[in-house]
Amino acid sequence: MKFNNKNVYVSPKAIIGKNVKIGDNTTIYDNVVIGDNSIICNDCVIGEPTGQYYKDMDNYENPTTTIGENAMVRSHCIIYAGSVFGANLITGHRVTIREKAVIGRNCLISTLVDIQGNCSIGDYSRIYSNVHIGELTKIGNYVMIFPYSIFTNDPQPPSNQLIGSEIGDYSIITIHCCVLPGVKVGKHCLIGANSVLSRDIEDFSFAMGSPAKKLKDIRTIPSKIVEGAMHYPWPFNFERGMPWEGQDYNEWLNHNIKE
Amino acid sequence: MKFNNKNVYVSPKAIIGKNVKIGDNTTIYDNVVIGDNSIICNDCVIGEPTGQYYKDMDNYENPTTTIGENAMVRSHCIIYAGSVFGANLITGHRVTIREKAVIGRNCLISTLVDIQGNCSIGDYSRIYSNVHIGELTKIGNYVMIFPYSIFTNDPQPPSNQLIGSEIGDYSIITIHCCVLPGVKVGKHCLIGANSVLSRDIEDFSFAMGSPAKKLKDIRTIPSKIVEGAMHYPWPFNFERGMPWEGQDYNEWLNHNIKE
Amino acid sequence: MKFNNKNVYVSPKAIIGKNVKIGDNTTIYDNVVIGDNSIICNDCVIGEPTGQYYKDMDNYENPTTTIGENAMVRSHCIIYAGSVFGANLITGHRVTIREKAVIGRNCLISTLVDIQGNCSIGDYSRIYSNVHIGELTKIGNYVMIFPYSIFTNDPQPPSNQLIGSEIGDYSIITIHCCVLPGVKVGKHCLIGANSVLSRDIEDFSFAMGSPAKKLKDIRTIPSKIVEGAMHYPWPFNFERGMPWEGQDYNEWLNHNIKE
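Residue numbers (this note's numbering), protein chains in the order written: chain A, 1 to 259; chain B, 1 to 259; chain C, 1 to 259.
Isolated chain A (complex conformation) (with noise of 0.2 Å):
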């Protein structure tokens, strides 16, 4: 049904992997690099000129843009030059990701996502639908961010001192949260529905509130799933898309020893 090469432009500057399939009315301009096996649906804009473009059409060279493998790329989505997505890439509808984004490899960002640039994002991290993630903003690795939360960066708008904020690896921040500027958020952290983060938070603390602050350690957290269970730190009890889908996350962090 799709794929039908309807009103498709490839820039010959682009470099297209092989078996990948690009979807109707999509648009891929010089300079993008897309891997193997990747799915770009209808309807999509890769490579998106930056600003610069406009200042100075005749001279513009659009920076590069890597996609890499088995990407599955949704419809609508707009993704400026210059921003880098590791492997096994799964977006949603509609994302908007600015340039000098870095996402790291199986990592999903959901539909209406709009991720501002010059920001990361580590491996198999989950970005939900309509998270606005601001510039300079740094998300670590196996991190869930549920919809509707944002991450700014102007400590005292308007500024010119712009400062990301930081979020741990494994941490999750729930919905409609904002995540003020500089805030850092440890490891394994659980942050509760419409928070406002304006303090650290440390590692293994379930915090939420306005502004934010730690209720107890997520180590004591009973599972609502496993009578007389703990549920958290979550890969003990989740692997659904994880590394460590379908081993014991011990066995798996055993042999992938990380500092």
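Don't take each hint at face value.
The list treats identical chains as interchangeable, and a pair is accepted whether it falls inside one copy or across any two copies.
Within a straight-line C-alpha distance of at most 25 Å, the following computed SDA-like cross-link-like pairs (lysine to any residue) qualify [to be verified]:
{"#": "1", "residue 1": "214", "residue 2": "69"}
{"#": "2", "residue 1": "224", "residue 2": "90"}
{"#": "3", "residue 1": "18", "residue 2": "135"}
{"#": "4", "residue 1": "55", "residue 2": "250"}
{"#": "5", "residue 1": "21", "residue 2": "11"}
{"#": "6", "residue 1": "213", "residue 2": "57"}
{"#": "7", "residue 1": "21", "residue 2": "63"}
Calculated from the structure, these hints are not laboratory results.
Fit chains B and C to the known structure of chain A by using the hints.
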């Protein structure tokens, strides 16, 4: 001005009713059924294939998508295959609706609404701009959801035990609310702005806060419009677009007795 | 790379200024007027017909839409007929603006902003990503609205008595705020993240919370950048893109006295 049949694709396996208009740049895939006198505006995708399509394109059969008569689908909407919409649907722009959503008659689904599929909305309900509805949510009849409210379904993220929330008939969720997994809101409730719903709310409650608590019975809330009158239950004071328009709500109820 | 005149439609009844660029897949309907040196990027719809069009296509006359000179409208925007934009407009992607909006000079309207029409925004105001502006809202000059803040207009939903809110010159509404119907925010105010504005806020207030209350005078807030200095009123400390850029704000005021 519109409907110039430019860059339109309609599958030969789609069934298009009488007097249907289809906008430019719109795609209608296999097994879509559109009722008489409907308008599908420009740049829409109707019957978007599900994830299964990408796994086996050759043998994929698109699920049936049914849009009732007199629909008005504004531009840039994406409606997945396998959803059902009653008559007189009205949408805003850029709506995204995943598979297996069941939407009743006379519903309004405004601009940027994101419905994750596998959920239900009753008749005459209005989902305003930028509402996010997670899988398994059940929204009743004559319900109004105001902008940026979201319905979640994972009680202990991340887990595989999704539970939807339920919103009773005639209830109103105002702006920026978070409805947590499994929460049941009764009938004729009113939920104040920016609330987090983590517990069930009984019929006729005005509730708000984080967590949202009942503050009073809605039948005690004075009208801001008619001095000395009460405003809720609202069907006694508002009829625009409702089936009791032009008659007294009590009279209409008498002729439309439901349990 | 862009502007290849591919799948473009410009109504013969549109008036396009000198040196205007129009992107691929863009549609410009009847009675749109675009000022000189403007750029309308790809996949836009300018002069989208109002609801009246669908009721009587044969006799429908599209209201005039005016976009001032030097506009930069990024891709995938939908601008309804009957709105007016001053010179030097900049938009992000996927902006939706309904009819009868009156937007001043030098405004920024970022990605995913949803303006419901029949409202006004003054000069040099900046509406950041994913802000929702209901009908009848009045936003002053040099105002900044940060992401996911929303302006409502129904004081007792559902009703037919809409009342807009008003935001005074130089005021800043930060992220995730709810501005309730009829609320007036004075000049030079600063509203903290995730606030619900249900009462009027006087000039020079720093307010936050739910309901938002004045916590202090903004003129007592120390700068985070220059030790010992005050940061607000911000025009003394921020000039990028403002008409006083390159000169002292006081000096500029002396030459631009307004009531």
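To see whether the hints hold, each was checked on the structure:
no.	hint	result
1	214 to 69	neither (40 Å within a copy, 52 Å between copies)
2	224 to 90	neither (29 Å within a copy, 39 Å between copies)
3	18 to 135	neither (33 Å within a copy, 35 Å between copies)
4	55 to 250	neither (53 Å within a copy, 32 Å between copies)
5	21 to 11	both (15 Å within a copy, 20 Å between copies)
6	213 to 57	neither (50 Å within a copy, 50 Å between copies)
7	21 to 63	both (23 Å within a copy, 22 Å between copies)
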